[in-house]
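Sequential numbering of the sequence shown, starting at 1241, is according to the numbering used here.
Bear in mind the hints are in silico, worked out from the structure with no lab data behind them.
Every residue gets a Cβ at the ideal spot worked out from N, C-alpha and C, and that includes glycine.
Take the hints with a grain of salt, since some may be wrong.
Said to hold, decoys possible - Calculated lysine-lysine pairs in the DSSO-like style (CA-CA distance at most 27 Å, straight line): (1) Lys1298 / Lys1469; (2) Lys1466 / Lys1298; (3) Lys1466 / Lys1292.
Unchecked claim - DEER-style ranges, computed between Cβ atoms: (4) His1454 / Gly1413: 13 to 23 Å; (5) Gly1445 / Asp1394: 15 to 25 Å; (6) Val1374 / Arg1453: 19 to 29 Å; (7) Arg1452 / Gly1282: 46 to 56 Å; (8) Arg1452 / Gly1371: 28 to 38 Å.
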Amino acid sequence: MAETSIEWTDATWNPVAGCSILSPGCTNCYAMRMAARLEAMGAEKYRGLTRKTGGRAKWTGKLFLDRKALETPKRWSKPRQIFVNSMSDLFHSNVPASFVAEVWATMAATPRHTYQILTKRPDRMAEITSGLPVLQNVWLGTSVESADYFGRIDELRNVRAAVRFISFEPLLGPVAGANLKNIHWAIVGGESGPGARPMDAEWVGEIKRACRRHKTAFFFKQWGGKNKKATGRMLDGRTYDEMPALSM
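Make the full structure from the sequences, and use the hints.
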């Protein structure tokens, strides 16, 4: 587990490392660059998870299941919001359902923490979690980069969860008409880093209006770009750091 600069969480926890490119939102994934860097630093956990192609690190599809990491949150006495698998996807097809259950057991044993799990595979999330208890300290979400992936929102609605959320990051296209019924939280952000693709302010406005219609908490993370600090995270002259109501 590690402290993080991600605006909507306090720490990251990676019982799984490695992933596969699934859709356009994965193209410039920061985790691929980070995994390659960690491997170069000698971190055994990240060996072989990426390869260089076209001068850039890309996922190989290989995963590492880190059972030692399952004990880490138990050693954290201070309550935290924890982003689960910032370096992977817990619901990747190569993660056994039995290992997901082990992750669930750790989260159940540490109710002082709030866990935020994000996937691009909400269909598998729904399938696996149907056989697991609904934990009040576990929020389940999916990534939607454009209207082409609205189907993920419908799949997320089939997930049994205390809190359901959408990460519209990197937001790569318009999302007018997004149905946020029974979605408790929306995070919006532009892509950042090398090769960042632009985000239109109107796309952000579409999500904010959808959040107001459906009483969904709205969190604006960043405008993005090559230097995200320079572009900042002000929208309409203010920041938006709304979080879902814990009573949901």
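Do the Cβ positions of Arg1452 and Gly1282 conform to the proposed distance bound of 46 to 56 Å? holds (49 Å)
In this structure, is the beta-carbon distance linking His1454 and Gly1413 contained in 13 to 23 Å? For His1454 and Gly1413 the Cβ distance comes to about 20 Å; the hint holds.
Under the criterion that the straight-line Cα-Cα distance not exceed 27 Å, is the pair Lys1466, Lys1292 satisfied? holds (21 Å)
Using the beta carbons of Arg1452 and Gly1371, state whether their distance is inside 28 to 38 Å or not. Holds - the Cβ-Cβ distance for Arg1452 and Gly1371, about 36 Å, lies within 28 to 38 Å.
Can the restraint linking Lys1466 and Lys1298 be considered satisfied, given a maximum Cα separation of 27 Å? OK: Lys1466 and Lys1298 at ~19 Å, within 27 Å.
So the hint says 15 to 25 Å: do the beta-carbon atoms of Gly1445 and Asp1394 match that? Distance hint for Gly1445, Asp1394 holds at roughly 23 Å.
Distance restraint between Lys1298 and Lys1469, which requires alpha-carbon spacing of 27 Å or less: Since the Cα atoms of Lys1298 and Lys1469 sit roughly 25 Å apart, the hinted pair holds (cutoff 27 Å).
Range first: 19 to 29 Å. Now tell me if the beta carbons of Val1374 and Arg1453 are that far apart. holds (26 Å)
The structure shown violates none of the earlier numbered hints.
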